[in-house]
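Got chain S sorted already, so can you dock chain D onto it with the hints?
Below, each chain spelled out in residue letters.
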Amino acid sequence: MVTMLAEARAVARTVTDPELPLLTLADLGVLREVSEEDGKVIVSITPTYIGCPAMDTMRDDLVHALQNAGYRDVEVRTVLRPPWSSDWISEDGKRKLAAAGIAPPGAATRRAGGQVPLTLAPPVRRVRCPRCGSADTEEVSRFGATACKALHRCRACREPFEHVKEI
Amino acid sequence: MSINSVGETSAAETSAAEAGTDDAGAAADSRWAFGTGFEDPLAGIDTSVPDDVDRDALASYCLMLGDDALVMSHRLQEWCTNAPELEDEMAIANIALDLLGQARLLLARAGKADGSGRGEDDYAFFRAEHEFRNVRLVEIKRGDFGDLIAQLLVFAIWRLALLQRLLTSRDPVLAAIAAKGVKEVTYHRDYAAQWAVRLGDGTAYSHQRMRAGLASIWPMVDELFAAHEVERTMTEAGVGVDPAELRDEFDDVLSQVLSAATLERPDVSPLAGVSGRTGRHGLHTEAMGYVLAELQSVPRAHPEARW
Chain S
-15 MVTMLAEARA
-5 VARTVTDPEL
5 PLLTLADLGV
15 LREVSEEDGK
25 VIVSITPTYI
35 GCPAMDTMRD
45 DLVHALQNAG
55 YRDVEVRTVL
65 RPPWSSDWIS
75 EDGKRKLAAA
85 GIAPPGAATR
95 RAGGQVPLTL
105 APPVRRVRCP
115 RCGSADTEEV
125 SRFGATACKA
135 LHRCRACREP
145 FEHVKEI
Chain D
25 MSINSVGETS
35 AAETSAAEAG
45 TDDAGAAADS
55 RWAFGTGFED
65 PLAGIDTSVP
75 DDVDRDALAS
85 YCLMLGDDAL
95 VMSHRLQEWC
105 TNAPELEDEM
115 AIANIALDLL
125 GQARLLLARA
135 GKADGSGRGE
145 DDYAFFRAEH
155 EFRNVRLVEI
165 KRGDFGDLIA
175 QLLVFAIWRL
185 ALLQRLLTSR
195 DPVLAAIAAK
205 GVKEVTYHRD
215 YAAQWAVRLG
225 DGTAYSHQRM
235 RAGLASIWPM
245 VDELFAAHEV
255 ERTMTEAGVG
265 VDPAELRDEF
275 DDVLSQVLSA
285 ATLERPDVSP
295 LAGVSGRTGR
305 HGLHTEAMGY
315 VLAELQSVPR
325 AHPEARW
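Just so you know, the protein sequences line up as chains S and D, in that order. Going by this note's numbering, the first sequence opens with residue -15, and the numbers climb by one from there. Going by this note's numbering, the second sequence opens with residue 25, and the numbers climb by one from there.
One chain only, chain S, in its complex shape (with noise of 0.2 Å):
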């Protein structure tokens, strides 16, 4: 049972994510948890964003993988507490980010609790330009093609890029 449970945990980890197909949901932080109930397989995935309308696809796509590797009983689990934070996606993941043009996210701001602070200035932050590397880069929008990306465009090079938004 434990090597089954390697092998499933094994399949799932291979499965990509809808919107940023260049990374697998393990490097994302998405995939939490596979275990085993009774010769089934259970596998936790939690949103990134609460709205994330890729939940349905990637529960699916976790079926089909492990079914088609000869795992008949599948369930996909929702976990939303504590929330997908940015800094879960793994160091590979963010290498993988920044390889194909999209700069990872920085360490996410952590609170202890009480009143959230207003940012009304823009973000002292430069996030470096993931083609040319410099830093001389700006935020031209906070919300970008997907719940978890903004938009920058370097003053260096002069081509905008996506950035993975601290959350």
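By construction, these hints were calculated from the structure, which means they are not laboratory data.
If you want the ones that stay clear, here's a sample from chain S, every Cβ over 12 Å from chain D, calculated:
(1) Thr(-13)
(2) Leu(-11)
(3) Arg(-7)
(4) Arg(-3)
(5) Ala10
(6) Gly23
(7) Glu75
(8) Lys78
(9) Cys141
(10) Arg142
Not everything, but these chain D residues come out facing chain S in the computed CB check (under 8 Å):
(11) Glu111
(12) Met114
(13) Gln126
(14) Lys207
(15) Val277
In this text, a Cβ means the ideal position worked out from N, Cα and C, and glycines have one as well.
Structure of chain D alone, referenced to chain S:
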């Protein structure tokens, strides 16, 4: 009841289509529209209710918070193809998507809490106007960009203060939704606040429009802090939050924004209810009928439709 994150429809649909080549039947389960077997957003989440919590009151409370998010999301979606710039269109659509995610979970939670088993679509598409419990702020007719920023600013400051306090809710689902929502609504609030400053502290004309926007939504503000009986019951049970507790934080954050934006708090009277009844009681403004007509017309015309 779904919108796709801008520009990414094709990648995910391609992926679903590829999955379909392996097993067309199973792949047909994942579709992105009403009444199409869109899976339960609470799938695999423990939805048991703490023993001593009034289940009907919890369901009503979830509808209140869910309807706020649903109707606000709908009004934001109306900005698709209408925003002043593409970047803002994407921002507004993203915010709408986050709020829709909250709405889906909260409406589904209502159906589990009251034991009726009703799903998100039942609540969103097959309730009458008087059954919607949202505050009237979220339903007002789409105005200009200044009106939108004023509405979104007030909504996001209020919602973030609420979600922050729901983190310790005794209902594990509400607490989990709040934990995700706090992170996301922080971005929404910053977006609205930064635009309020840009417009208020911009040109004489942008200042005038931003000021007019604030004045237009101001009559709906007091209602945000008036507790309905359900909210009081849920607060006593350690599940909900008394909205009156949010006023201090709201005033503090709004003052920071207005001061940076060189704007003043409008001097406009609140919009009265009818015999003390307002949005939380199911009493809405004329605008609400139009929202629901657009939101519900297709599923009502084709209740069994599949695609």
